[in-house]
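Just so you know, the sequences run in chain order S and R. According to our numbering, the first sequence holds residues 13 to 127 in order. According to our numbering, the second sequence holds residues 424 to 534 in order.
These aren't lab readings, by the way, just hints derived from the structure by calculation. Any given hint could be a false lead.
[As the list claims (entries may be wrong)] Listed next, the in silico EDC-like pairs over lysine to aspartate or glutamate satisfying Cα-Cα at most 16 Å (straight line):
(1) R:K521 with S:E95
(2) R:K521 with S:E26
(3) R:K521 with S:E56
(4) R:K521 with S:E115
(5) S:K23 with S:E95
(6) R:K465 with S:E15
(7) R:K425 with S:D69
(8) S:K27 with S:D98
(9) S:K74 with S:D98
Residues per chain, in single letters:
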Amino acid sequence: EAEVAQSPRYKITEKSQAVAFWCDPISGHATLYWYRQILGQGPELLVQFQDESVVDDSQLPKDRFSAERLKGVDSTLKIQPAELGDSAMYLCASSNRDRGSYEQYFGPGTRLTVT
Amino acid sequence: QKEVEQNSGPLSVPEGAIASLNCTYSDRGSQSFFWYRQYSGKSPELIMSIYSNGDKEDGRFTAQLNKASQYVSLLIRDSQPSDSATYLCAVTNTGGFKTIFGAGTRLFVKA
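My request is simple: use the sequences and hints to build the entire structure.
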């Protein structure tokens, strides 16, 4: 069964350090999403890609967060410098939106702890 | 007013009962509606999608949509302890460009 892959699964970092997360969507899915989920809340969209283009990054804190999907397949989300408030679950999802399916499938997530 | 609202719970039901989870949304032009199940410490898992008014059944799960009332619900029949999780309602906005998630309802099924 096709799955979204993410790494690492867990990351502990000190504040002011840089951290990066990687995501490989389901093969053939052109739309890729990065979400942040704080405990007790629903996922909040950080950035949405259609192929290699960013189509929504309105909620991405651009002073410290960056995201790229250079070849339109896998993607990297970076935080530099990390702050204590960045501790959360970072989720990657993909969908076949360009074929009319809005169903999103999530990877296992990366649990980030900033100390 | 939040864009997608759910009762945070916890909703507690005995094993074998019907669990009813509810969700309201604010964007009248929304077209696509989803229910995700999320176990503690895990990522969301898609369990149901519904696009038109009425009921959609899949095994023990039934999704119900009423666009006039801007209301979508999920019924879980013959609830099992393994159904204990947080259930997230997700709604796409007008045009289907963006998906908004509710904060989720915690369900606890007592054995």
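Now for the hints, and whether the structure bears them out:
1. Note on K521 of chain R and E95 of chain S: the hinted pairing is violated, with a Cα-Cα distance of about 27 Å set against a maximum of 16 Å.
2. For the suggested pair K521 of chain R and E26 of chain S, the alpha carbons sit about 33 Å apart, so the restraint of at most 16 Å is broken.
3. For the hint linking K521 of chain R to E56 of chain S, the alpha-carbon distance of about 11 Å falls within 16 Å, and the restraint holds.
4. As the CA atoms of K521 of chain R and E115 of chain S are separated by approximately 12 Å, the hinted pair is consistent with the 16 Å bound.
5. For the proposed pair K23 of chain S and E95 of chain S, the alpha carbon gap of about 13 Å is at most 16 Å, so the pair holds.
6. Taken as a hint, the K465 of chain R and E15 of chain S pair is honoured in the structure, with Cα atoms around 14 Å apart against an allowance of 16 Å.
7. In summary, the hint linking K425 of chain R to D69 of chain S is not supported, as the alpha carbons are separated by about 20 Å, beyond the 16 Å threshold.
8. For the given pair, K27 of chain S sits about 9 Å from D98 of chain S by alpha-carbon distance, which is consistent with the 16 Å threshold.
9. A C-alpha spacing of about 13 Å is found between K74 of chain S and D98 of chain S, which places the hinted pair at or below 16 Å, so the restraint holds.
Checked against the numbered hints above, the structure violates hints 1, 2 and 7; every other hint is satisfied.
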